[in-house]
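Undergrad: From first to last, the protein sequence lines stand for chains A and B. Using my numbering, you'd call the opening residue of the first sequence number 488 and step up by one each time. Using my numbering, you'd call the opening residue of the second sequence number 488 and step up by one each time.
If you are wondering where the hints come from, they were derived from the structure by calculation, not from laboratory data. Each hint can be trusted.
Repeated chains share a single entry, so a pair holds when one copy, or any two copies, can fit it.
Derived pair list, reagent style SDA-like, types lysine to any residue, alpha-carbon separation capped at 25 Å: (1) 621 <-> 609; (2) 589 <-> 658; (3) 552 <-> 562; (4) 589 <-> 638; (5) 552 <-> 563; (6) 589 <-> 639; (7) 589 <-> 682; (8) 552 <-> 700; (9) 621 <-> 646; (10) 552 <-> 575.
Number of protein chains: 2
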Amino acid sequence: MRDIFHDELDDIGSGVVEMTRLVTSAMEQATGSLMDADPRRAERVIAGDARIDSLRRDLEDRSFKMIAQQAPVATDLRVLVATLHLVADLERMGDLAIHVAKIARLRAPEFAVPDEARDVIAQMGEVAASLMLKVADVVDGRDISLAQAIEAEDDSMDALRRKLFTLVLSPRWSHGTESAIDLTLLGRYYERFADHAVAIARRVIFIVTGVYPDRANGVAQF
Amino acid sequence: MRDIFHDELDDIGSGVVEMTRLVTSAMEQATGSLMDADPRRAERVIAGDARIDSLRRDLEDRSFKMIAQQAPVATDLRVLVATLHLVADLERMGDLAIHVAKIARLRAPEFAVPDEARDVIAQMGEVAASLMLKVADVVDGRDISLAQAIEAEDDSMDALRRKLFTLVLSPRWSHGTESAIDLTLLGRYYERFADHAVAIARRVIFIVTGVYPDRANGVAQF
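Assemble the whole structure, with the sequences as input and the hints as a guide.
TA: If you want it as structure tokens, here you go:
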């Protein structure tokens, strides 16, 4: 039989899974609003962020209260402390989806992304979606075997960003400075989104193993 | 007489103050390397980040251990949990200083910042430095009266970023797309740096008051 403590811990876990789902959808919709120059879809992403923010506050408060009132140890404490970080990462990813949606809204009914850059941005959106599928699995099932695949996709995102720079800086670029700036910022937003996905995967590894995967001498002993 | 717990807590606090000092210096040097097109100064910023990263790991590990082993309550627990967030913010600010330094290094011996934009970037550097002075006071003395001034300076940073966009998008802009991209990214890095300063101030308010200043209904009761 589960105790009340572990029921609440599971419930917080479900909240993190729900936040992951909302952020996944936000970035998918944001990319869609960009590719379709659809300001109403962009608006929905922007309006939807309040739910992500409020989930973050709720989960942070509850995790903090459990640490304060239950003095958990070992894995339970790691889950709770990691949750404080996970929800901060997820909230920030929601903000990045908003930034993407705002560029779509700003340029609509024009397309913010010129034809030559459509492929790269579409691929960035796909990598973001694929990352989030894996992040959801990692968060939900704590399947840390996916962490390496997440790092690999982060590398693809960086490569796509370099491709975007090459495009914008090519002598054939004919869409002017404003468009170059839009694409520079879009590239940055998708790249940061992927960075946060990696950070989340690393946090979950910390929950499972008690050691940080990016620390060469991995000495954390708790 | 102080007990061992509070000695360690003070020592962690000194570590956060030291990290704040290192980040302040990193961003000052990064701005300097940019304004003087000085690649060696940029290199020092980049190399110096290892010390910031290692301090972050050390402070995070020690805070986590104290939570796990001492089961602190009330303000002590808030300090420790907030420390986990503060050091994450500070590490990220160090990364942003690196990004600035890397643009300086990439363009040296040329100036990454054209004459027309020197004033705005110099002002962004000054606002960053002034923010960090206040953040240091907030972190060291927990003087939350400075928090409002920090938010005001964050607003100036946003205004400077808008000024930068106006400049780059003006029909008189003669420095091409590459320079426009550099300035777009620089503007973004300084803006994010200021955002993290605000986040730190808010965390310290949470330590002192137990309530988040940006939550309309401020219901956190711990």
